[in-house]
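Counting from 1, position 26 in the sequence shown corresponds to residue 26 in the working numbering; the numbering is continuous, with no gaps.
If you're looking for bench data, these hints aren't it; they were derived computationally from the structure.
Predicted, not measured: the structure shown is a model, and the values here were computed from it.
Glycine included, each C-beta is placed from N, C-alpha and C at the ideal position.
One thing to keep in mind: the hints can contain errors.
Stated by the list, open to error - Okay, the calculated beta carbon distance ranges per label pair: (1) Val77 / Lys44: 20 to 26 Å; (2) Arg68 / Leu15: 14 to 20 Å; (3) Val88 / Ser67: 28 to 34 Å; (4) Ser67 / Ser118: 50 to 56 Å; (5) Arg43 / Leu96: 29 to 35 Å; (6) Ser113 / Asn3: 33 to 39 Å; (7) Ser118 / Leu15: 33 to 39 Å; (8) Met60 / Ile20: 17 to 23 Å; (9) Lys107 / Ile25: 18 to 24 Å; (10) Val61 / Ile25: 34 to 40 Å; (11) Tyr65 / Phe104: 24 to 30 Å.
Stated by the list, open to error - Straight-line alpha carbon distances no greater than 25 Å define the calculated SDA-like cross-link-like pairs of lysine to any residue that follow: (12) Lys73 / Phe62; (13) Lys107 / Val84; (14) Lys49 / Leu96; (15) Lys44 / Ile55; (16) Lys2 / Lys73; (17) Lys107 / Ile26; (18) Lys2 / Phe62; (19) Lys2 / Ile64; (20) Lys44 / Lys73; (21) Lys2 / Ile41; (22) Lys49 / Pro91; (23) Lys116 / Leu96; (24) Lys2 / Leu32; (25) Lys49 / Ser67; (26) Lys2 / Glu114; (27) Lys107 / Thr33; (28) Lys2 / Ile25; (29) Lys73 / Ile41; (30) Lys49 / Phe62; (31) Lys44 / Phe29; (32) Lys116 / Phe35; (33) Lys49 / Val36; (34) Lys2 / Leu15; (35) Lys107 / Leu48; (36) Lys44 / Ser82; (37) Lys116 / Ala38; (38) Lys107 / Leu15; (39) Lys49 / Lys73; (40) Lys107 / Arg45.
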Amino acid sequence: MKNILNYLPFVVVLLAQFLINDYNIIVLFTILTGFVAAFIIERKRVFLKCFFIGIVLFTMVFLIYESRVDYLKALLVNIGFSSVLIYVFFPLFNALNTAILFFFGYKIGVLISERKLSGASQV
């Protein structure tokens, strides 16, 4: 149960990437989930966990739905890059974006929780 609770915020954030269409709402939801996760999950390598789970998931999804993003291959070729780089750029960018936003919310939650704890101990 403890492991499920530790990985649940990561799964929720990654599922939101597929269920929500509006990017602004995805950004807010990811940051808010990271904020709430600061009070729930262990403080061990949060950024790396989110990044590695995200890169695995986004790579699998990209390989399944590769035909829907063929225009990106043409874009990279027109810029002068190899079309093989799309297999690196697309999952890497999505995983980094999600991990950075989640970690931002997580750090804000950690700062607030530490601030409350230090304020409570002074009283």
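Problem - Distance restraint between Lys2 and Glu114, which requires alpha-carbon spacing of 25 Å or less - result: Cα-Cα ~22 Å, so holds.
Problem - Met60 versus Ile20 beta-carbon gap, inside 17 to 23 Å or not - result: Taking Cβ atoms as reference, Met60 and Ile20 lie about 19 Å apart, which means the hint holds.
Handout entry: Hinted pair Lys49 and Leu96, Cα distance within 25 Å
Key = Status holds; Cα separation ~11 Å.
Exercise for the section: For the pair we were handed, Lys2 and Phe62, check the Cα-Cα distance against 25 Å. Expected result: Between Lys2 and Phe62 the Cα gap is close to 30 Å, so the pair fails against 25 Å, i.e. violated.
Practice task
Given the hint that Lys44 pairs with Phe29, test it: the Cα-Cα distance must not exceed 25 Å.
Solution key: Holds, at roughly 22 Å.
Practice task
Would you mind confirming whether the straight-line C-alpha gap from Lys2 to Ile25 stays at or under 25 Å?
Solution key: violated (29 Å)
Exercise for the section: Starting from the hint 50 to 56 Å, judge whether the C-beta atoms of Ser67 and Ser118 obey it. Expected result: This hint holds: roughly 54 Å between Cβ atoms.
Practice task
Would you check the hint for Lys49 and Lys73, treating anything up to 25 Å between C-alpha atoms as holding?
Solution key: Violated: Lys49 and Lys73 sit about 29 Å apart, past 25 Å.
Exercise for the section: Check the following: the C-beta atoms of Arg68 and Leu15 are separated by a distance inside 14 to 20 Å. Expected result: holds (19 Å)
Exercise for the section: Would you check the hint for Lys116 and Ala38, treating anything up to 25 Å between C-alpha atoms as holding? Expected result: Holds: Lys116 and Ala38 sit about 13 Å apart, inside 25 Å.
Handout entry: Straight-line alpha-carbon gap Lys2 to Leu15, limit 25 Å
Key = holds (20 Å)
Practice task
Verify the proposed pairing of Lys44 with Ile55, using a straight-line Cα cut of 25 Å.
Solution key: Given that 25 Å is the threshold and the Cα spacing comes to 19 Å, the pair holds.
Hint check: violations occur at hints 1, 3, 5, 6, 10, 13, 16, 18, 19, 20, 23, 25, 28, 29, 36 and 39; the rest are consistent with the structure.
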